[in-house]
Structure formats: structure tokens, C-alpha cells
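Visitor: This is what each chain is made of:
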Amino acid sequence: MIQLKDLTFSYLKSDGSKVSETPQLNNVNLTINAGEFVLVCGPTGSGKSTFLKALNGLAPSFTGGVITGELRINGTDLLGSEPHEFSHLVGYVNQQPENAFVGDTVIDEIVYCAEQLGLPVNQIQESVIQISELLEITELLERPLATLSGGQQQRVAIASALVAGQKILLLDEPTSALDLEGAAEVLKVLQKLSSQEKVTVLLAEHRISRVIAAVDSVLVVHGDGSVTKGPTATQFNDPRFVPPIIELGIKLGWKPLPINTIDASAKWLETKPKFSTKKTFEPAEEVLKVENLEVTFGNVQAVKSTTFSLAGNQISALMGENGSGKTSLCWAIQGSGDRTKGSVLTAKGDTADMNSDERLGMLTMVPQRAADLLFLATLSAELEESDRFAEVEPGSTAKLFQSLAGRIDTSIHPRDLSAGQQLSLVLAIQLVKQAKIVILDEPTRGLDYSAKHALAKQLNGLRAPNRTVLIATHDIEFVAMVADRVLVLDDGQLVIDGYPTEVLGVGMPFASQLAEISQEPGLISIEQVLL
Amino acid sequence: MSAINSNRHLVSAIKTNPLTWWLAGISLAVAASLTNNLSILICIGALALLTIRFCRDDSPWGYSIAFYIRLAAVVIFLRLLFRIIFNLGTSTKDAVLLLPSLDFDLGFGNTLKLFGPISGLALNLALTDGFRLAAIILSVGMANSLANPRKLLKATPGALYEIATALSIAINLAPQLIASLSRVRRARSLRGQSKGMKAITGIVIPVLEDTIDQSMGLAASMSARGFGRKGNRSNAQVLGARLLAFSGICLIVTGSAFLLFSPDQQVLDLTLLILGLALAVISIRLSSARATITRYRKEPWRKGDAVLLIASIALVVLAFGGVLRT
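As given, the protein sequences belong to chains A and B, one line each in that order.
The numbering used here applies: residue 1 is where the first sequence begins, and numbers increase by one.
The numbering used here applies: residue 1 is where the second sequence begins, and numbers increase by one.
This is chain B alone, in the form it adopts within the complex (with noise of 0.2 Å):
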């Protein structure tokens, strides 16, 4: 890994393929939702943020991490508070925190129990939670702070093109939705505060209203600039490809979810996943044949891409083998 880290110039943002961030991004989210280890959480976590902060580069989009850090944290805490105030545990033994116990009847003999004593075993699980959630959100943090979402679509397949833009633009709309929301609220202390619902509409309605315009104005000037055609594929063929494309997707999901959701059979789960994949690829391959799209600058792949996924690669495959496993 540290390889990764130290050597700024085999692997900065601008000489990289987007495509690879994501993948590397995704590595690490796996290997995170795989492991109990809270140490190896941690660490995997940090080398997110090292990556980061090594290879980022100057461009706005580098700077998006504040966001991650922050719902990181907020995602941590709120699953320690969940575990306080749902705490299911009665005995004392072991116990860390004692906090009196709430009940409450709800009738029909059943009751609603919140707080109590909480053993350490119990925290321990929750911060292990929390950090988990966390180190997945990191991950996919780096990646998208290191590979602009726009700048992906650039290596994105033909056949994956529509999905594509469709998913950045609506990774685009989290950073859009908080500047228009302080603008918004700024603006809005001009007006006067209103009272009740009217508090809440006055700030919602213009921020909805904003992005929704941002994006349709988007949209239209995409539209207006060629997005869309279908150059001189027949309808039938079109839909071919996105009926290609949607299968191989589907399939991928199944079975990664199978994989991540049901550990006990790791030979099915992984022979489905790797079958979705191949499906994935021939029908992408199949369709990208016909894509009317030229690229003119197409991202080339380098010596920086092959060490990061190599890395990425051997990561999964420990996490798999259950070395990361504790």
C-alpha cells in the first residue's frame, strides 16, 4: 500500500484514469463491509484520507472530502446514540454505562424498553457498526473526490453512456443542493422570518426549486448539444442495447448482494457474481459496437492504473480470503 501512498507522481489525480479511482474506491468499501476488525476499519479509513491527500489534485472537485469526513462522523455517532437508546440489554454484569431504563407500555402487554445498562461487548459492536458505514463512506468519498463524476463518463462504455450521465448528474446534485441551500438561507434572512410551515417552505421551496432548475437547464443544454440521438441505429436496436445493458447490471448486483448478505456459501455467491460479470461485459462489449459517441480525448490506461489495481485487486482478494476476517 505504501506504494500508493509515498509516490506522488505514479499515481496523482490528473494521470489517472477516472475509472480506476472508482474501482480502487470500491475495493475498499468492500474490503470495509467485510472485516469486524475495528483496527483494520481504521486503517482503511485513514488510507482513504492519505490517498486523498496525496493525490489529489487542484481542481474544486478535490476539495468535496470536507462533506464525506463530516457525514463519516455524523454516521458514527448516530449509530453509538441508536445503541444507547435502543439498548435491548437488562443485566448489569459487564456493564460500562448504567443508565436508568425507560419503559413504556404500549399495550397488550407489550413494552417499549429504551436505555438501561450498556456492556461494553454491546459498544464495541456498535462503534465496530460505525466505523464500517463509515470506512465505506470514506472510500467512496475518495473516489470521488480524486475522479470527477464528469470526468468518468469520458471512460464510461457506449453502452453505458445514458446511465452514466444520469448518475453524475445526480452525484453532482449533493454538492449543488448544499451551495443553493446557504445561498438560499442567506438570501432568505433578507426577506424576514416567517413563522411555522412558512419557516420551512420559504427555505425548501427555493432550494428544490433551484436545483431542479440547474439541473433541467443542464439537461436542455445537453439536449440542445446532441445528448440523445441515435444517430442511425434503428429504434429496435437502441432499445436492444439498454435491454443488454440493464441485464448485465442486474446481474453484477445480484451477485455482489448475494456475496455481501450471505457469506456462508462463498463458492455459489462468487461463481454468480463472476458469471454477471462476464454476461456484463460481452453485452456492454455487444452494444458499445454500435454507440454513435466518438471520444476525442479517450483516458489512456497507465503505469499508475496497473500498481492501483493490482492493490485494489489483492485487497478484495484478502478481505475474500478471510484474512482481514477476525
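Next comes chain A alone, as it looks inside the complex (with noise of 0.2 Å):
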């Protein structure tokens, strides 16, 4: 179905020369079968947006950079066509889907491929009812995009790319913006096309703990240039993303690698490893309290009436589906953001009433876009300017970046670098003030594990007496390895404030994977394990 021979990738400076001595994909030789569910993943940074739009020519056509080798599909070399000529065979659905729409509604937004390749109507007909059944969104087809939820959007983006009966599919991280459920339905969707309509799925995803037992096969851009593919287990060499459920039967010398919750399950039964309680900090002095804060938006209430307090020395988890109320929590909270109601008391007083200085001496906090606060034209500039702002010695949020990012070259423009890598500078730049209040939304979006275990270092060190930090995340196994708190909002309420052990424990609906492996009460996170 795909076959790639020697093909490498290099991106150019606005002068011609290479960017990077090694090309971003270097002499890669693999194939591709029909109907395989692949997932292509890699560290943080390391290419996996560049292989998949280097597939179906948005790479160079929309990037830049030159492309040598062979690009066959089904048997033909397309490589240096535009995308438009791949159009009829790959279909691609990237991160965020409401940026890519050109419709209205979901049925406008089904037809336009279909529309721009020319098929006589009642064969565009036949083929919707055919899509939208599969997909189960036979329901919405009249409904404006903007009224679905995240998963529901995600669905009519896959719809819309095999309207015209493409059998190829190239997903772009399409999970990383929703929430537990919807992340469900996609990848339950992914698995009927792969199996039932013999579709080729090519997946990029960070989050590729509870997606690596429904692949076929693996794929790992490393980052050097070097691409390789193969049976999952055998995959998971390289530590910077190796998924809680690899990392743990390493950890334990299981063999063979168990890559499903089930079989792990059996192995942990039948090893019955020994654990310890999960470590607590005791909560401090209170830091911050939220009373009676309600949050309106036109009709629509975000949050409603809600009332707690944040201790110093603690971490807290803020949860819940998309559309909960999270981010809105977290903007009435620094203060700048929307309130109906409450108050939100902090030493200095209500954040509500300070102006942006007071404000940024008392929090700082990193929002969901975090490359809005990105403005200078270089890495380096981005890091100094940071140390002046924040008085500190020359150097440390550098320092603070690399610990997250790893070592990357500082004459890049911070648009160049990928998103997780964005977000580690961001975090860098917000965590190195060292403010008494933490506020982060999202802060693990596109960071492989190396930097999610970084992260968490980072946060783990930041804890003192008057210091608290507010995480909100969907990402479970993050917030089993680092909080001490979860909130949980639904439909802006909050319905659950306890220890994350109980929480995130066995048969809970935020049960972490480890908890659901081992079956055991109070277990929740891999350092908790013993060998």
C-alpha cells in the first residue's frame, strides 16, 4: 500500500542552506500494508507531524524543505505532487479539526472532498449515508460543527478525509485536545475502519499508553533522522516515551512484554509485586480560597457556585471532560478572567482587585495556547528576556527548559519548534518566576514522558509552605505521578475533591492504568512500585 525507499527530508533556511546537518527524515526504507493500524510515535520534537504530512505531500508543499527517495502508493511514485493529487487516495485529519473546517454544517463539511474531486452526486449520495453510519454521526449531519463536542468534530474530520473512498488515513495527534471519552470514541472508531473497511490507519499520538494494545504495529521517528517499524513490544527501547504500561513490565523484568491491560493484569497476578503507600505531603498554611465563584457566559453557566481552599506545600489536580469548566476555574482564579460571582482570597487580597503587576507577583500560570505568550525572535532571546523579567540570575530559565525540553539549539524561532516544545519553554518561562500561586492548564499536551517525568520533577521541587500549584488535565497517569489532591469538575460543579489514591483507584471513572493492571487499592502510580 505505501512503500517509502530512501526518503529524506530536509528542511531549509530562508538562504537554501539545511537547517540541521542531519535531515529531519534520513533514508528511510519501509512498508506499509493495507488495512494496518500503525502508530507513529517518537520523542517530543522528534518529526512525527513532518513523516505524516511528508505522505501525502504537505511536506514540502506547505513547510518547506526538499524530499528525495521514493513515495509509492499503491505501486505509483508520488513524490513532489501536491496534496491535492494524493487527495483521492490518503486522507489526513489533524489536531485541531474546528481550524481545518471550510462548512458549516457536518453534511457541507462531509461532501467538499468529495465535491472538489469531481464525483457525480448520487455516488457523494450513497457514500455519506455509507460514512456517517460507520462513524455514528448519521444523527448530526444537519447540526452546525459548532454545536458538536470534541469527539463528535474529530469524527466528522475522519468522515470528511474517506468521503471519496480513500483507504488510507493519516492522523495527526487527533486525541490530544479531548477528553477520556472522547478519546475513546476516536480510537474506537479507528480500530472498525483498520479492521472492518481494511483502511490504513497511520496514528501520531503522545498519549500511547491505552492505544499501543489496539495497534497492529509501531512506528518510531527517533528524531536523528532515523525511522523504524515493527511489532509493538519491540518498539519501546528508547526511555523518553516508553508508556506506563512498558515502563512497568521493564521495570518488573517482565517477559514478554505484556502490551494490554489484560495480559498485564494476568502477569501482575501471577508475580504479585510488592508496592508502597503512595508518598503525602502535608498540606501547609492556606494559599488561596475560592468562595461562592460562579462563572456566566451568556446563557450558559461554566461554573457554578463553587467553594474551596488551596494549601501551600500541596499539588492539586483539577479534572473533568471538556466543556467542565475547568479553564474558566482557572481564569477566575488568576483573576483576569470572567467572574458572575465569589471571591477568590489570597494574601494580598482578591485577585480580581489587583491590577496585572500585583497580580503577576502573586501568580503566574500557563494557559491552554501557551505559544500566545511567545514574541521574540529567537529561542535565546525568548531565555534572557525571561531571566530579566523574572530577576533571577542570567541563565536559569535556560536551565529550566533544557531540564524539560532537552538541548536545543538557541538561534531558532520559537515558532519553529514543535508544540511540546513550545509548552516546556512556556512552562520554563512561568515556572522560573517562582510565584506562590501555580496555576497550569494543560501542561502536558504533546510532552513525551521523559519531559512529563521532568515536569513533574520540577513541580515536585517548587513545593514549599506558602507555595501551591494548580494543575488542570485530563492526563490521568500525569496527575497519579505528581499531585496530591484531585478536584473534579462536572458540568461546573465540583463533585469530587479527595486523595488521588482514591480517586484515580481501582473502579473509579479516572482509574489510572496501573490501578486498573494491578486491581490493588492504593496503588496508583509506577514509583510505587517495588522490585
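Keep in mind the hints are simulated off the structure, nothing from the lab.
All C-beta atoms, glycine included, are put in the ideal place defined by N, C-alpha and C.
Do not take every clue at face value.
Stretches of chain B that chain A covers, calculated by requiring three or more beta carbons in the stretch to come under 8 Å of a beta carbon on chain A [what the hints assert, rightly or not]:
id: 1; region: 178–189
id: 2; region: 198–205
id: 3; region: 211–224
id: 4; region: 295–307
List time: in silico DSS-like cross-link candidates among lysine-lysine, alpha-carbon distance up to 25 Å [said to hold, decoys possible]:
id: 5; chain 1: A; residue 1: K433; chain 2: B; residue 2: K198
id: 6; chain 1: B; residue 1: K198; chain 2: A; residue 2: K399
id: 7; chain 1: A; residue 1: K279; chain 2: A; residue 2: K457
id: 8; chain 1: A; residue 1: K436; chain 2: A; residue 2: K399
Covered by chain B, according to a simulated footprint, are these stretches of chain A (three or more residues, beta-carbon under 8 Å) [as the list claims (entries may be wrong)]:
id: 9; region: 74–87
id: 10; region: 109–122
id: 11; region: 356–364
Both chains are given apart, each in its own frame, so use the hints to dock them into the complex.
Guide: The following block contains the structure:
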């Protein structure tokens, strides 16, 4: 189906020279079979997106750069063709479907590709019926796209990519912005497409722990130009992106490595490993008090009357489905977000009454779209500006950034960093300020496992009796690793406030993967497992 | 006109061809640009607003009019302000505003005069000018809020498809820029205020980058789904079709420009415009026949479209006939 022969891709600078000595993709040779479900993974910034884009001409057409070698799809070499010449063979779905939508309603969006390819109207009709049944969106056809949930939008985007009978589907992190339920919906549909319809699926993902059991093979983009592909268990020897389930198997020396929860459960029962209770930190004095806080937009109540306080020495996680009010709550606590009612008291008064300088002295926040904070022309300029502003020793931000993202050439433009690297940069800029209140909104999106471990370490290092950290996230494994307390929002209401060992424990809706594997109460993160 | 406003079942935005709204909007704008009567201008503006009020649907697009109303208000204000600042009148006779005048010596015997006494007539003229611009803005705003430019794409003939796509993305850019501006300003306050140039670049650069990123993302998604395919047409055919379409548009633009800027030779101007329109229609027909795009659900012409179109044409004829001129 897809055959790559000596495929090489390099980015070019504006003067025509290559950005780096080693190409982004270097002499890639591999074959992907019809109906194969392939997980594409690799460390942050290794070039997973570039690899996918090279397969339908978006790279170099939309990214710049040079590509050489052979790219055979169904036997025809299409290397160097424009993306629209791939469009009848390859469907492409990106991270944020709402930015890629051309239509207003679901049906407009689905038929777009078929219209562009000039298919006859009756054929489009049939195809729409078939594909919408397959993706379970038949009821949604007349709805405006803006009214759909994230998971529904992604399924529409997939339908739109396959409406003309394309048998290859490329997906660039389609679930990174989705909650558990949305991500599960999309994954289910992808499995069905590959097994029933023999669609070849290439799925680039960061949250791979729940995906690896579903795929046929794993393709790793290593970041040094090499790309390897093989059966799942053989591909995880790079510690930077080993998912928890594999990490557990490696830690306990299990052979063969279990890749799904059922196998791992059996192995756990058989070997009965020992584990410690989760390390707890005593909450210190109260740092922040949220009282009767309400946020209303138009006639939508985003946050309903909520009261809680955050203590020093404490890392709290704020969880809940998409649209449950996490982001609205974060901004309302920060002080500049809308508030209908209520107060957020700190040692220096209500955050809403502070001017922006007072707020900066008191709290620091990383918003969901971290890249909005970056505006200078080079990475080094951003790092220096951050040191100057935070009044810390020159080089402090750079050191923190390196601990999260590894060594990166500081002369490059921040926009050329990958999404995960940009997030790491903004995390470094905001954490180096050592503010008393730290609010992070989805701080692990696009980060590989080693970056998540590094972030957890930094957050633990920030613990102080007068400092509190609040993390809004969908990332259960990260919460299991770092949090002392879990708050769960449901439809704007605070419904759960408890210890992670309870909220993420066996049988709970947010159970961590290790809790599911071991079925042991009180065990949620791999650090607890003893050798 | 009352038929348009009162009967919302006859013409609601959902059940009307988007092209009709744009033609109606353009007709209103043309009528506004041809009249000097302040009360008629106010009527046109009010008509546009009322039409939106009664015909819009619940799509988020329907609410973009707030932006146009603000823009119109700013334009009226600026027009008046400029008239007061760059006032060339000196006589205090008939003056309604007696402002002291400021003279700047520019050397070589030239002086720049600012402010000074201003007559009621001058103010009235400036106000009419401001309201004319405002009425044109509101007319376009009406079309834009009632017919999403994306929907308009479906109604454009195949030959104009690429141009229409570019235009619809460009029109989309304004609301997108505003949204990303407010988001980036809020995000910037999290980083800390920079001083001098950095304070400006700190806002402008992320907004521009974000807008360009989004547009590029949309373009990539369209391209990946087949936009821009030649199909079975040869390069020469594609080029020919584009040239024909382009020349058609040029003729229409030239014709209307003559008509608006030299209203003394109306017969000649009208002939030019009609000739241009005819040529454009022929070229579009010719090249559309070769286009390879299917329209899955074409927007049909309905009764409401006919009513609107007749009303619009009547308005333009009245304006040209000089009935609306005073």
C-alpha cells in the first residue's frame, strides 16, 4: 500500500541552506500494508508530524524543505506531487479540526472532498450514508459544526477525509485535545475502520498507553532522522517515550512484555509485586480561598457556585470532561477571567482587585495555548527576556527549559519548535518566576514521557509551605505521578475532592492504568512499585 | 420594502440563496453612494439593521453585525473630527462652532491652518459624508451577517471558485483577528508587561503568527482534500478559464467605477457596465462548463429570492433615476 524507499526530507533556511546537518527524515525504507493500524510515536519534536505530512505531500508543499527518494502509494511514485494530487488516495486529519473546517454544517464538511474531486451527486449521496453510519454521525448530519463536542468534531473530520473512498488515513494527534470519552470514541472508530473497512491507519499520538493495545504495529520517528517500524513490544527501547504499561513491564523484568491491560493483569496476579503506599505531603497554611465562585457566559453557566481552598506544599489536580469548566475556573482564579459572583482570596486580597503587576507578583499561569506568550525572534532572546523579567540569575530559564526539553539550538525561531517544545519553553518561563500560586492549564499536551517526568520533578521542587500548584488536565497518569489532591468538575460543579489514591483508584471513572492492571487499592503510580 | 421586513417566513436567512443577500447588500451600498440626502442615508442604514434583526438565523455568524455597527460609528465620528481639524473656512458668518484657529508656518510662504470657525453647512456636509460611508458599511455588514461567505462559495459559478475561496478566507480573517487579539492580550498579561517596542510586538507578533498559522492550516486541509485539482483539464484550459474570468471581473469593476465617479455621462457609463456584465456572464458560462467540481446540495432559487432581488433592483433604479438625489 505505502512503500518508502530512501525517503529523505530536510527543512531549509531562508537562504537555501539546510537547517541542520542531519535531515529530519534520513533514508527511510519501510512498507505499510493495506489495513494495517500503525501507531506513529517518538520523543517531543522528533518529527512525527513531518513524517505524516510527507506521506501526502503537505511536506514540503506547506512546510518548505526538500524531499528525495521514492514514495509509492498503490505502486505509483507520487514523490513531489501537490497534496491535492494525493487527495483521492490519502485522507488527512489534524490536531484541531475546528481550524480545518471549511463548511458550516456536518454534511457540508463531509461532502467537501467529494465535491472537489468531482464525484457524481448520487455517488456522493451513497458515500455520505455509508461513511456517516460507520462513524456513527448519521444523527448529526444537519447540525452546525460549532455545536458538536470535540470527539464528534474529530469523527466528522475523519468522515470528511474518507468520503471519496480513500483507503489511507493519516491522523496527527487527533485526541490530544479530547477528554477520555472523546478519545475513546475516536479510537474505537479507528479500530473499526482498519479491521472492517481495511483502511490503512497511521496515527501519531503522545498519550500512547491506551492506544498500543489497539494497533498492529508501531513506527518510531527517533528524531535523529531514522525511522523504524515493527511489532509493538519491540519498539520501546528509547526511555524518552516509554508508556507506563511498558515501563512497568521493563521495571519488573516481565518477558514477553505485556502491551495490554489484560495481559499485564495476568502477569501481575502471577508475580504479585510488592508496592509502597503513596508518598504524601502534609498541607501547610492556606494560600488561596475560592468562595462561592460563579462564571456565566450568556446563558451558559460555566462554573456553578464553587468553594474550596488550596494549601501550601500542595499540588492539586483539576479534572473533568471537555466543557466542564476547568479553563473558566483557572482564569477566574487568576483574576482577569470573567466572574459572575464570588471571591478568590489570597494573602494580598482578591485576585480580581489586583492590577496586572500585583497579579504577576502573586501568581503565574500557563494557558492552554502556550504559544500566545512567545513573541521574540529567537529562542535565546526569549530565554534572556525571561531571566530579566523574573530577576533571576542569567541562564536560569535556559537551565529549566533544558531539563524539560533537552538541548536545543537557541538560535532558532520559537515558532519552529514543535508544539511540545513550545509548551516546555512557556512552562520554563512561567515556573522560573517562583510565584506563590502556580496555575497550569493542560501542561502535558504534546510532551513525551521523559518531559512529563521532568515537569513532575520541577513541580515537586517548587513545593514550599507558602506555595500552591493547581493543574487542570486530562492526563490521568500525570496526575497519578504528581498530585496530592484531585478536584473533579462536572458540568461546572465541584463533585469530587479527594486523595489521588481514591479518585484514581480501582473501579473509579478516572482509574489510572496501573490501578486497572493491579486491582490493588491505594496503588496508582509506577513509582510506588518496589523491585 | 415593508414586505422584506415584516414577513420573516418569506425571507429568512436560512431559506434564502446567499448570493441574493450579497446582491441586496451591494444594491443598498450603491444606492447609499449615489444619494446626498441625509434622511435617505439614515433610512438605508436603518433598513440594513432591521433586515438583520428580522432575517438572521442563530449561527454565530449572525452576530458579526456588532463589529460593523461599531465601525460605522467610528467612521462617522472620524469624518466629523477631520472636518473640524482640517477646517479651511475663515469666515465667522454662519459659523455654529467658533474654534480658535491654529496656524503652522511650513516655510516658503505656506501655512497650515487647523481648526477655526466652522459653518453649519460644512458640518452638515461632513455628517452626510460620514453617514454615507456608515450606510455602505452597514449594507455590506448586512450581507455578511445574513450570508456566511462560506455559504456564498456554494453559489458561485465554478469559474470563480478559486477567487471566491480566496475572498471568503480573507473575509473570515477579520473576526478571527479580533478573537485572537483578545486571547493574546489576555495571555500576554500572564508573561509580564514589556516596555517600548516590545510591548507592541508582544501583542502584534503572536496575533499575526496565529492568524497566518490558522489560514495556512485551513489551506493545507483544503489542499489535502482536493482543492485546486485540475481534474482532466490541461494547463492551457485552466489558464484560459482564469484569464476569461479575470477579464470579466475587470470590466465590471471599470464600468461601476466610471458610473460612480463621473455621474455626468450616465448613458456611456451604463453601456460600459452592461457590456462588462454581459462579457463576464459569457466568460463565466464558458469556463464553468469545463469546471470539475460537483455541487452536492446546490442552493436553489426560491420565492423569497425573487422578492428581494426585485426590491434591490428597484432601489438601484430609483437611485440612478435621481429620485433619491436632492
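Visitor: All hints are to be evaluated individually against the structure, with a verdict given for each.
Guide: Status of each hint after checking the structure:
no. : hint               : verdict
1   : 178–189            : holds (count 6)
2   : 198–205            : holds (count 5)
3   : 211–224            : holds (count 10)
4   : 295–307            : holds (count 3)
5   : A:K433 with B:K198 : holds (20 Å)
6   : B:K198 with A:K399 : holds (24 Å)
7   : A:K279 with A:K457 : holds (14 Å)
8   : A:K436 with A:K399 : holds (21 Å)
9   : 74–87              : holds (count 6)
10  : 109–122            : holds (count 11)
11  : 356–364            : holds (count 5)
Hint compliance for this structure: no hint is broken.
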